[in-house]
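Student: As you go down the protein sequences, you meet chains A and B in turn. So the first sequence is numbered by our numbering: it starts at 1 and just counts up by one. So the second sequence is numbered by our numbering: it starts at 1001 and just counts up by one.
Derived by calculation from the structure, the hints in this document are not laboratory data. Careful, some of the hints might be misleading.
If we take Cβ atoms under 7 Å as the criterion, some of the chain B residues that face chain A in the derived model are [what the hints assert, rightly or not]:
hint	residue
1	Met1066
2	Ile1139
3	Met1599
Think of the CB as a built atom: it goes at the ideal place given N, C-alpha and C, for glycine as much as any other residue.
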Amino acid sequence: MNGALALTIALPLLGAFLLPVLMRVSVAFGVWIGPAILAYGCWILGDLWLTGSMQPFSVALGGFAPPLGINLYADTLALLFALAAQLLGLIFWPFKLDQDSARRQALMLLLVAASTGLALSGDLFNLYVFYELTAVATFGLVAASGTSAAYAATIRYLILSGIGSVLTLFGIALIYGQTGTLNLAHLAQLAPEQLSNELGLAAFLSLLIGIGVKAELFPVNTWVPEVYATASSRLSAFLAGLVSKLALLIILRLLLLVFHQPEAAQVILILGILGVVSGELAAWRAKEMRRMLAFSSIGQLGVLFIAMALPDGQGMLAVLALALHHLVIKSGLFMLADGWGGALQRLRGSAAASPLAAGLFVLFSLSLVGMPPLPGFWAKFTLITELAGQTEPLYLMGLTVFLLATVVEAAYLFRVAAIIYQSAPQERRPDEIPKAGGLSLATAGLFGAGLIATTLLIAPVGDRLQTIAAQAQDVDLYINTVFPATPGASQ
Amino acid sequence: MTLTLLDELLLFSGATLLVALFIGRGLAAGWMVTILYGGQLLTLLKMAALGYGGGIIASSLSFTVMGQNLSWRFDALSWFFALITLGSALLSSWFACGAWERSYAKQGGNIWLFHLAMALNVLSMLILLASGDLLSLFIGWELVSWAGFLLMALAGGVATQAAMRYITYAMAGGMAIFGGLALVYSSSGSLQLDAVLIAVESMSTTKLWLLVILFGGGFGVKMGLLPFHLWQAPAYAETPGPGSAFLGAISSRMGLFAILLVLVKLFGIVNIDSLKIPFTLIDARDLLAWIAVFTIIFPTFTAMKQNDARHLLAWHGIGQGGYMLLGVVVADAMGGAGGLLHVFNHATYQAALFMAVTAVIHRTGTADLNKLGGLVVRMPLSFMVLLIGIIGLAGLPPMNGFVSKWLVYRSLLNEGMPLLFLAAVIGTLGTILSVYKLIHNIFLGQLRVEHEQVKEAPWSMMAPMLILAAIIFITGLFPGIPLAWVASVQEVVGLPATDYTLGGVESVSGSLDMIWVIGVLFAGFGIGAVIFYSAGRSKRVHQLDNYAGGHFLSADVRYQYSDNFYAGLMHLVGGWYRGSFLWLEKSVISLIDFLSLVMQGLYRRANAEFYLLSTALFVMAWVVI
């Protein structure tokens, strides 16, 4: 069963390359192949999740044992995000049929394959490959919306991402030059001797900035507002919800396993604080729903970076909870924004036109600002208790900034809610009021239902997150899983 | 599992919410909800032992999330506040039923949403009052904040704007509390009350200061303490009538409840007293006392300037909160009793006053003090209720407001705080002047021609008003009834308990017996009545006929103006109204706006690559150096 893990990456990849051909042969068959592959992936991962003993395991690809061969590493954290990738791929599947749909669906499969790979890869080079693959798929998908604004945004993103990749590669080269390996478990063994120096720090920082482009790290996130505002809402939801978290996950793994320098955490903390400040403040004046969500997403990712900067992986639980929470909320909000594009003032009266959407917007906003007993509150609670426990003043500053940013966030989110609930201006015809409806509303409703279910089941969910975080924090477990004490016993 | 009384109460309250939610659109939904509030009140009365110092009733509801235990329970403190909450909810909801409801719906209001919001407010307040640890306190706190937002915002228009301002303040307060919570947790490792109580003993002064500021500020926002008071008056005043009666009666007292629980019970007045402000003679406790006093003075004089009756009352609500905090901070037996008793008294007369004003709006369509007058003959019962209410608000005998204010003054004198006493008296002076403006401009003076046909408010509105008026008088005559509850609250929060009698308090430094005071007062009235009635027959004329004093003037000529009331006084104190708090608020908003502009500029720049490379270079340089 464990071997099937590789299929979750291989099948979507294969599908992506075959889909354009299959579509020519039979549209009816081609349309269903993508969702079928993703559903199968969900089933494999779900099965592993439910039947597995919750012990992490490693899969060596091609029969070569690591560190020579490449491996997939699956602990509960990785499985969770891999599952999220497949599931969100399914939820945000580009169902619309037109002449472009083959290309778009193929790119989506590619994006899911790459995202799953990012979650599962056990060595740095594969991570890089999947990272690039994600970028390529994203360019294609953003540009697919066909507007000139989308092309301009894509170009900017392309350049930024390209330079980011070069930096990432530079960091990887530094590491390889120093240690001669790129396997994460192997690196974790070697790191205390070989990488806890200035070279290691330099390597980490170039990796951080390179990968940070996708993780919306300040200040390499200037592509975010343009791309989210011009790409389709479904894609924005996938990017803001999942891809940014996966990039974050890589940085988190690196920080936990390889780079223990306090300076590394410090840089992340400072950039995180700046991200929160810049994102939330910029959202305050945003005149358009999607742009506001994009800025707020930058702010939220900043919060995640603050959580990640907590020493010795203490922030693991907070990162996990906040990341999952943001994943659900932002996906839902972007889905709502689908029907609510354009200037915010246009939305007057839309609550009467689509009450469910307005209700969902309020629900998501409340959870985002952390109103108890919604899950957002618990996620924030885990973060602030950890932050307040630190003696370093910079962490307390992070805490202060985080709390103040929440106030700003509540103000701008509920300003929008107030606009939505205002009565429509007299001179407007009813059909001019933007309506959220159809598939996007259903999808948002799905996330809303998930949010409410989590609220009710918060105690078991919390316990499960705690075990996942504890497992992910355990460096020795990671090393021992990839390199078992008795050779050959792992498979 | 057997249900405790508290479980019953919370379930009852939850059921009320469900009724309002699902069948609240049907006929007589308002009455149904009102009856359910009555049921909740009865359940609360079954717990009456709590109000007389009878221990704790826990809820069976408790759970553990992420290592945090959450529990709920009632003690004397919670019971006292819950009594006021449910009492005002019952009467406000009763007031809303029938005539008011119909006219509200006719004006396009959503009565279903109104009842729902009320039920939600009551439930969330009960949850807050029942909190058994700091985490459940915070959860309850936020629930109350957002439920209040719903009630304030539902009228739309100006009300929504006021509610937006409120929620921004409330979020800021909430986040201050959240931060305080995290700091407490970092030093005690738990948010259970007993663990915190132990941790406070070994806390450093800096940390204690920080916590007092965070919690005091956070809770103070809801109380409308200076300088966080700007949101309150518009938000309460613009809420639909019965809603503002309810909010004005109890909502901002939740802040006082939390202050009592956290600052007084957990941190202890003694600990707060030991926090000195460097290079000055005052400590944190004096600071709180002075904040309380300024909260009395400024909003009270702002109230005097208001031309809308609802706004005038709402501004007073802020000022009266100052007396409560002042009493609690003085913290001797009398002061504590005065502050706590004032919570009860204020709720009674504030609700009555808001209802009377709403009744006037119901009949005349306006609350503008410049467009009313002479209604005393048209609406005599409402006039009586308003009169009783303002006597209570101004703190004069024979109404209940006198007792609580007397206790606060007495304690200030006993404890040797003459400056605070003087300031509090200045506040009372402002109160008396402004409530006179209220009653004069509505009920006295010249009747407007367009109000000639105005009738007394309908009985569905009159009944709760009269009940409240009766409570105001009875608890003024026998303050011992609420003082018994107050004494148990004092014991629970660790303040010295007052020695009360049915008619007032017994103390070596000065006793008060309202039965005597009122007896003497009414003897005086009796003598006056004897003189009045023995003076011979009086002649009855039509109200519109009796202003001219012999001159030939028709009723539509305005010769008595209520506009620009207190022009002389306003000229005198006008210089003080510079709107500095408004200026402060505006400058914070402008600052955020400006920063936001800068940040947007940052993201609008086209040279993103430049950022990336310069950051990379910068961090590399940082590593090398």
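Student: Answer holds if the nearest beta-carbon of chain A is closer than 7 Å to that of Met1599(B); otherwise answer violated.
Tutor: 4 Å, holds
Student: At a threshold of 7 Å, is the proposed contact between Met1066(B) and chain A supported by beta-carbon distances?
Tutor: With a closest approach of 4 Å, the Met1066(B) hint holds.
Student: Hint check: is the beta carbon of Ile1139(B) less than 7 Å from a beta carbon of chain A?
Tutor: Holds. Min distance 4 Å.
Comparing the model with each numbered hint stated earlier shows that all of them hold.
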